[in-house]
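Build out the structure end to end from the sequences listed, making use of the hints.
Counted the way the numbering used here counts, the sequence shown spans residues 353 to 614.
Keep in mind that the hints were calculated from the coordinates and are not lab data. In this text, all values refer to a predicted model and were calculated from it rather than measured experimentally. In this text, a Cβ means the ideal position worked out from N, Cα and C, and glycines have one as well. The reader is advised that the hints may include incorrect statements.
[Said to hold, decoys possible] Across the chosen pairs, the derived CB separations fall in these ranges:
id: 1; residue 1: Phe448; residue 2: Arg578; range: 24 to 30 angstroms
id: 2; residue 1: Ala430; residue 2: Ser584; range: 27 to 33 angstroms
id: 3; residue 1: Arg485; residue 2: Pro410; range: 35 to 41 angstroms
id: 4; residue 1: Gln546; residue 2: Pro447; range: 25 to 31 angstroms
id: 5; residue 1: Glu419; residue 2: Gln497; range: 34 to 40 angstroms
id: 6; residue 1: Ser530; residue 2: Asp569; range: 33 to 39 angstroms
id: 7; residue 1: Phe583; residue 2: Met449; range: 28 to 34 angstroms
id: 8; residue 1: Ala582; residue 2: Gln497; range: 40 to 46 angstroms
[Said to hold, decoys possible] In silico EDC-like pairs for lysine to aspartate or glutamate, Cα to Cα no more than 16 angstroms straight-line:
id: 9; residue 1: Lys403; residue 2: Glu386
id: 10; residue 1: Lys521; residue 2: Glu386
id: 11; residue 1: Lys521; residue 2: Glu419
id: 12; residue 1: Lys521; residue 2: Glu550
id: 13; residue 1: Lys403; residue 2: Glu527
id: 14; residue 1: Lys521; residue 2: Asp377
id: 15; residue 1: Lys542; residue 2: Glu527
id: 16; residue 1: Lys403; residue 2: Asp526
id: 17; residue 1: Lys545; residue 2: Glu386
id: 18; residue 1: Lys542; residue 2: Glu386
id: 19; residue 1: Lys588; residue 2: Asp569
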Amino acid sequence: MGNRDAILELSNISKTFGSTRALVDVSLSIRAGEILCLLGDNGAGKSTLIKILSGYHPPTGGSMHFEGRETRFSGPRAARQQGIATVHQDVGSIPFMSIGRNFFLGAELTKGIGPLRWIDTRAANEKALEQIRRFGITRIHDGNQLVGTMSGGERQVLAIGRAMYFGAKVLILDEPTSALGVKEAAIVLKLMKQARSEGVAIVFITHNARHAMAVGDRFAVLIHGRVAAAFSRGEKSREEVLNLMAGGEQMSELEADLETID
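Structure below.
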């Protein structure tokens, strides 16, 4: 393994679908307590990389090391059991189910013994509320409230809080701020910083360079399935990042997106 400090390391990962090369020799690493931002436009290969990291797709070539051991996940469940949790843009919660039930879905808290066990709704609600309050959501007071009544940012906090509660070591966040307003995006970015301070490794996939540069420790720009650049905070100016992401085009739009960055 090239980077002994890395909790997760990809070495020359490639993925092909028929004649289509979705990823080509992608090498990345991330350490505990660090935010790695994957930047790229639509079609850059971000979604394919997420699916490899989370066990949905095996790579066609290359190797992946997790906690120092070469790993090839047999599926998403195997990745989750190892401590790799993925929160997708649509979160994946069930709108017509309560906050408490969503939080413990598939890992329900129960009372009783054997066939007489039943779901401990009260304990589930209390734990779920405790977690989201810990991350700054104070508007919600009832764990029986339906998830569908929560805002997009609150649902993101619920999903991220759930992953951390169940021991995520690596948290893969797929465009978590893309559909959020300014205030809600700020809540999610703040939560990411808190998760980092608690030792979680975060892979933040986004096409929003402003959000990435607000929280990222290291950055990788994907273009057509390849890592066009990999760098740490402060190593590149915002103009250089813009040029990398835009490929020399669409500069005015990206400059407007980053006009608030100092």
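Between Lys403 and Asp526, does the CA-CA distance stay at or below 16 angstroms?
Holds, at about 11 angstroms.
(request) Starting from the hint 40 to 46 angstroms, judge whether the C-beta atoms of Ala582 and Gln497 obey it. (result) holds, 42 angstroms
Next on the checklist: Checking one constraint from the list: CA of Lys542 to CA of Glu527, max 16 angstroms. Satisfied?
Outcome noted: holds, 15 angstroms
| task | Can you let me know if the beta-carbon spacing of Gln546 and Pro447 is within 25 to 31 angstroms? | result | holds, 26 angstroms
Taking 28 to 34 angstroms as the stated bounds, is the beta-carbon spacing between Phe583 and Met449 within them? violated, 42 angstroms
Please check whether Ala430 and Ser584 have a Cβ separation lying inside 27 to 33 angstroms.
holds, 31 angstroms
Subject >> Restraint check for Lys521 with Asp377, where alpha carbons must lie at most 16 angstroms apart >> reply: violated, 25 angstroms
_For Lys403 and Glu527, compute the direct alpha-carbon distance and say whether it is at most 16 angstroms._
Holds, at about 14 angstroms.
Is 34 to 40 angstroms a correct range for the gap between the Cβ atoms of Glu419 and Gln497? Check passed, 37 angstroms falls within 34 to 40 angstroms.
Check the hint pairing Lys545 with Glu386 against an upper bound of 16 angstroms on the C-alpha distance.
This hinted pair holds, its Cα atoms lying about 9 angstroms apart.
- request: Hint says 33 to 39 angstroms; check whether the CB-CB distance for Ser530 and Asp569 agrees.
  value: violated, 21 angstroms
- Query: Would the pair Lys521 and Glu386 pass a check requiring their Cα atoms to be no farther apart than 16 angstroms?
  - Reply: With a Cα-Cα distance of about 11 angstroms, the restraint between Lys521 and Glu386 holds, given a limit of 16 angstroms.
Hint violations for this structure: numbers 1, 6, 7, 9, 14, all remaining hints satisfied.
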